[in-house]
Amino acid sequence: MNYASFLQLHDELSLLAVIVILLIYDVFAGEKAMRYFQPIAIILVGIHTILNCFPRDPFDVAGGMYQYVPMLTYIKTILNIGTIIVFLQAHKWLNSAESIIRRGEFYFLTLCTLLGMYFMMSAGHFLMFFIGIETASIPMATLVAFNKFNHKSSEAGAKYLLSAVFATGISLFGMSLIYGVSGTLYFADLSTILTGGPLQLLALVFFAIGLFFKISLVPFHLWTPDVYEGAPTSITSYLSVISKGSAVFILFTIFVKVFGNMISDWQSILYGLIVISITLANIFAIRQKNLKRFLAYSSISQAGYIMLAVISGSAVGMSSLVYYVLVYMFSNLAVFGVVQTIENQSGKIQISDYNGLYQTNPKLSVVMMLALFSLAGIPPFAGFFSKFFVFSAAAQQGFYVLLFIALLNTIISLYYYLLVVKAMFLTKSENPIEVVESDNAMKISLVVCTIAIVVIGLFSSIYNQIAVFGFGI
Amino acid sequence: MNFLSIFVLIPLLMMIGLFFAKNRSQINFIAATGSVILLILTGILTYMYLDARAAGDMAEMLFRADTVWYAPFNIHYSVGVDGVSVAMIILTSIIVFTGVFASWRIDPLPKEFFLWFFLLTIGVYGFFISIDLFTMFMYYEIALIPMYLLIGVWGTGAKEYAAMKLTLMLMGGSALLLVGILGIYFLSGAESMNILDIAQKTIPLSAQYYLFPLTFMGFGVLGALFPFHTWSPDGHASAPTAVSMLHAGVLMKLGGYGAFRVAMYLMPEAAHEMAWIFLILTGISVIYGAFSAVVQTDLKYINAYSSVSHCGLVLFAILMMNETAMTGAIMQMLSHGLMTALFFALIGMIYGRTHTRDIRLMGGLMKVLPFLGVSYVIAGLASLGLPGLSGFVAEMTIFVGSFQETDTFHRVLTIVAASSIVITAVYILRVVGKILFGKVQDAHHEELTDATWWERISVVTLIIAIIALGSLPLWISNMIHDSLLPVVANLMR
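The listed protein sequences correspond, in order, to chains E and H. Here the first sequence stands for residues 0 to 472, numbered as in numbering that gives the first Met the number 0. Here the second sequence stands for residues 0 to 492, numbered as in numbering that gives the first Met the number 0.
Simulated from the structure, these hints should not be mistaken for laboratory data. Note that the structure is a prediction, hence the values are computed from the model and not measured. Beta carbons: idealized from backbone N, C-alpha and C, even for Gly. One or more of the hints may lead you astray.
Cβ pair distances, simulated, as ranges [to be verified]:
#, chain 1, residue 1, chain 2, residue 2, range
1, H, K21, E, Q7, 55 to 65 Å
2, H, P203, E, D188, 50 to 60 Å
3, E, N289, H, E59, 50 to 60 Å
Straight line, CA to CA, 27 Å or less: simulated BS3-like cross-link-like pairs of lysine-lysine [said to hold, decoys possible]:
#, chain 1, residue 1, chain 2, residue 2
4, E, K147, E, K256
5, H, K366, E, K288
6, E, K91, E, K256
7, E, K427, H, K164
Could you build all of it, start to finish, from the sequences and the hints given here?
Put into structure tokens, the structure is as follows:
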């Protein structure tokens, strides 16, 4: 591997540079300079995003360990933007008394997980994939336990770590089986070798479980509600959007690139998973009182919808998936932004606390409502378009019954999203949450999310642009 | 800029204007101006349409515009109108105009009310001008969701329950519809989601067998097809006046229009095979709705069930699949839209004064509220089909058309459906006799004041439209009839 090809990894290199700069800054800066730490962090990630948002021609580095396809630029840019929004939303929380001394760690750890996801998504070899997924998981567990004196947060951290380790263990076992049947771990070589023998099927299942855990599909979702509830809200939103988005992307890539000949096998696995994920998550979501647990179940069912794009296994499915991640990111981050604003100020997190929110906080209520409508797939908001495209991708491959089940579930999901809207707009309350003041960073993030929710669907150029690279292979 | 797109653009501009409006008079000014502009544009559109047809333009859809929207899925923003769409746009404009005046004093939050109201309007106009399945479906859903907040916030009675029930049931309908639409697009092998393109293709019969019921039921939910009509009575009873007017007057017509434009037009073979199932269901709608209206005591429930009955007749006539009955169906959409809007407007006005809708607690209102009383009688007479008013023309056409189907099955159903006219007379006359004539039941009712100027505008406009449609139906029925020919031709192939 020569110097020039090393530089081709400039996505990862520039992110690494950002991480190192921030780490050094955090260690050596004095009290006064630390005041500029957060703006600098956001600006650096912003520069990193802009520098790396232009798609290039596909190439391999390190003999195929690292594979680049243009679609990676899109998904990485989406994740970068999501990270910036999470940073903006975390601004106020990080300045609070209990977390101010640890804010450097927050940025460092978050960007480390992002770097891990980069490597994971660009992997052309199972070893690279494994290093990536571990780099993403371990700092994530630390982040979940960020409020270490909070009993729920540390419990959630332990839970996340243990389940992550378990899932990765199973996944590793799958990889060792793959190596056992084929004698190689390069994606490019595997696609012709893996044709669907019983042992290969076993390898597929074991391997995929690790990613299903990350995406939190039923029945690998059991950690999700507890971790979402226990983790600080900024981390929860990061976990639900960025971590999930990258895992879905690499799942699709590996299924198509490596297990391309076993398409009917993994399609039937996904078929079952989608049905139970969407249905169970929706039914559980109805019964939730805590908004963060509610959003956890909502994100599980959303993951099920994203899988509709994966099950199609087509180029249209890939572009629909990336588009879905984009839209889902803005909608979910808007919801989490509002939840976080209110939680920081008043500590209230129950759905019933939101009764009569429109009387006191009309703007926050409207943002929340638009974001929930987008999650529920109501036009003219972006969520309608992204849902329609994943449904189309599935319908194109003839999964009409699956589509029908998924659509019936959208009714249930609309019901529970409307429960929150109902609490905010319809239910009158004697003592609604008092007027909440959000800081400028949060305001910017909410405005960006809201504009994105309204605009992305109506301006088709974004989807058309993503679709240009369809598969990128 | 395409002329038709202006119908979507104006409500959008009004919403932006409303967003910046400061007080009630500004809000009312924007709403009134916008709805007048829409009404005038509708007049221009009608004139242009008739003019183009008279000049011999025989294209299936006029004023076409077509822009590629989502290229990977061949989704186009594609608009165009035929006589049926023009008729529906006329109806919408009249009802939006009168609805604005009926909610002149809406309370609380007038700004938010009109914002949602005009979002609903965008959905309705957009649906009627679209000829692309995707945009059609999108506008259909845009029209659904404002209902939740409009009923939930501004409604009366068990509003939260009614709003949730209505939204979820209609969403269920659109879930069926989406499967249907995707199936139609992918299985027809058409190059775009444009209805006119798909109509040129033949969808495999095996696929039609499940796509036709999905699409027909999907639209049928909104058209109050038995047994999916149950959202309608609760929803209409709880909704605020203008929303009941728009919903019963126009939104329920989306169901009939869609069933006709998508289900019947694109899947004629299955329509022939499966019409009998839906004919029975619509027959039940017609009779069941009418009988239910007889026993209700709440004015809005009576009218809501009567809507179920009348809208059932629309679907019933569409399924007869001949020109006359289908023309009657579209006429019935117009006529029922105007009538029911008038009813709901009057009921809202009466309720605003008496604070009750229970017919047992009212009486002798003709003496206290002569204007509203007389208008109510006119609406009632139109509803039970008095010649010269719109109801007669529509129902007459439907039954004449239905009787052309000579086999026993159709004959029996026609006779059963026609008997609903008698039942209609029962519940209309019962209500009129009970609340308008006789002794005044409540001493407080003696002091009530008659309609205000904005209420009079709303009521008079609707009455004029009903009389116009009843006395001079020929131009509009010819316009509709000519536009039905391609659909009927497709059904005959």
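We went through each hint and held it up to the structure:
1. Checking the proposed 55 to 65 Å range against H:K21 and E:Q7 shows it holds: the Cβ atoms sit about 58 Å from each other.
2. The given range of 50 to 60 Å is broken by H:P203 and E:D188, whose C-beta atoms sit roughly 42 Å from each other.
3. A hinted range of 50 to 60 Å holds for the C-beta pair E:N289 and H:E59, which are about 55 Å apart.
4. Annotation: proposed proximity of E:K147 to E:K256 is violated, straight-line Cα distance about 41 Å (limit 27 Å).
5. Restraint check for H:K366 and E:K288: the C-alpha separation of about 54 Å exceeds 27 Å, so the hint is violated.
6. Our distance criterion of 27 Å between C-alpha atoms is broken by E:K91 and E:K256, whose separation comes to about 43 Å.
7. Taking the CA atoms of E:K427 and H:K164, the gap is about 20 Å. The hint holds against a cut of 27 Å.
The structure fails hints 2, 4, 5 and 6 (numbered hints given earlier, in ascending order).
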